[in-house]
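Q: One line per chain: the protein sequences are A and B, in this order. Every letter in the first sequence is one number past the one before it in our numbering, and letter 17, counting from 1, is 17. Every letter in the second sequence is one number past the one before it in our numbering, and letter 106, counting from 1, is 106.
Hints are computed from structural coordinates only; laboratory data are not their basis. Glycine included, every Cβ here is placed at the ideal spot set by N, Cα and C. Among the hints, erroneous ones may be present.
Pairwise CB distance ranges, derived in the manner of DEER restraints [stated by the list, open to error]:
#1 27(B) - 71(A): 19 to 27 angstroms
#2 42(A) - 17(B): 20 to 28 angstroms
#3 18(A) - 64(B): 42 to 50 angstroms
#4 79(A) - 82(B): 32 to 40 angstroms
Okay, the calculated bits of chain A under chain B, using three or more residues with CB under 8 angstroms as the criterion [to be verified]:
#5 10 to 21
#6 70 to 80
Computed list of chain A residues with no C-beta within reach of chain B, every gap over 12 angstroms [to be verified]:
#7 4
#8 32
#9 55
#10 62
#11 85
#12 86
#13 88
#14 94
#15 101
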Amino acid sequence: AQSVTQLDSHVSVSEGTPVLLRCNYSSSYSPSLFWYVQHPNKGLQLLLKYTSAATLVKGINGFEAEFKKSETSFHLTKPSAHMSDAAEYFCVVSENSSASKIIFGSGTRLSIRP
Amino acid sequence: GAVVSQHPSWVICKSGTSVKIECRSLDFQATTMFWYRQFPKQSLMLMATSNEGSKATYEQGVEKDKFLINHASLTLSTLTVTSAHPEDSSFYICSARGEGGPYEQYFGPGTRLTVT
């Protein structure tokens, strides 16, 4: 069985400071991991994905995430927050099989202070 | 990248009526499509999984007679909310997955349903 836990329901940072959104996963098999962003009343946008290649994954808008198998983590980071980054972020896990479901974390709301 | 569309993007209907939401994969064949429901300020909850040409598999607690899913072709799945009630008001999102790894899903933009 697979599961994903986002450790913070809300993160608030000042503009220009680093962002860290935490995600831990559980999977019986080699997982694929994703981060999606959702702006208010909008659909999901894929930020980045890990699919068993490089453990440090670079995504769009300056975001990146590192897959750490020993810690079962896939935390999302950005060196410098921008006001436009304010949104809901979802960590997602999927096992690498055609029958696997995609499981969403509970989400982390990122607020940016001016 | 792969594109998934949903229609309509928003719909308002009266209580007791039915509403159909379409999900289309525009540039790839989707062997599997998924339907999610999202309440305000909450995460996405998987409602059902549909494979082309077969009956949908519903998650526990989802009424299959109320949320009718049809996956008639490799590019189209529909969700019909029957006898809608105000508590069915939600954001419905579909996703589609093609053949082969890494089994990434591509999400539609969502449909906002409001039942009055």
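Q: Measuring Cβ to Cβ, find out whether residue 86(A) lies farther than 12 angstroms from everything in chain B.
A: Consistent with the label, residue 86(A) stays out of reach of chain B, its closest Cβ about 14 angstroms off (over 12 angstroms).
Q: Is the gap between the beta carbons of residue 42(A) and residue 17(B) within 20 to 28 angstroms?
A: holds, 27 angstroms
Q: Can you tell me if the segment 70 to 80 of chain A counts as covered by chain B, using C-beta to C-beta distances under 8 angstroms and a minimum of three residues?
A: violated (count 0)
Q: Is it the case that residue 85(A) keeps its Cβ farther than 12 angstroms from each residue Cβ in chain B?
A: Fine: 18 angstroms to the nearest Cβ keeps residue 85(A) off the interface.
Q: Is the claim that residue 32(A) lies outside the interface with chain B correct, judged by CB distances over 12 angstroms?
A: Since the minimum Cβ distance to chain B is about 5 angstroms, residue 32(A) lies within 12 angstroms and the statement is violated.
Q: Hey, does residue 4(A) actually stay past 12 angstroms from chain B on C-beta?
A: violated, 10 angstroms
Q: For the pair residue 27(B) and residue 71(A), does the Cβ-Cβ distance stay inside 19 to 27 angstroms?
A: Hint violated: Cβ distance 37 angstroms, outside 19 to 27 angstroms.
Q: Compute the least Cβ-Cβ separation between residue 55(A) and chain B, then decide whether it is above 12 angstroms.
A: holds, 15 angstroms
Q: Is the gap between the beta carbons of residue 79(A) and residue 82(B) within 32 to 40 angstroms?
A: violated, 49 angstroms
Q: Has the hinted range 42 to 50 angstroms been met by the Cβ atoms of residue 18(A) and residue 64(B)?
A: holds, 46 angstroms
Q: Beyond 12 angstroms from every chain B Cβ: check whether that's true for residue 88(A).
A: Violated, since 8 angstroms does not exceed 12 angstroms.
Q: Does the claim that residue 62(A) lies off the interface hold, with its Cβ farther than 12 angstroms from every Cβ of chain B?
A: Holds: least Cβ distance 19 angstroms, greater than 12 angstroms.
Hints 1, 4, 5, 6, 7, 8, 13, 14 and 15 from the list above are not met by this structure, while the remaining hints are.
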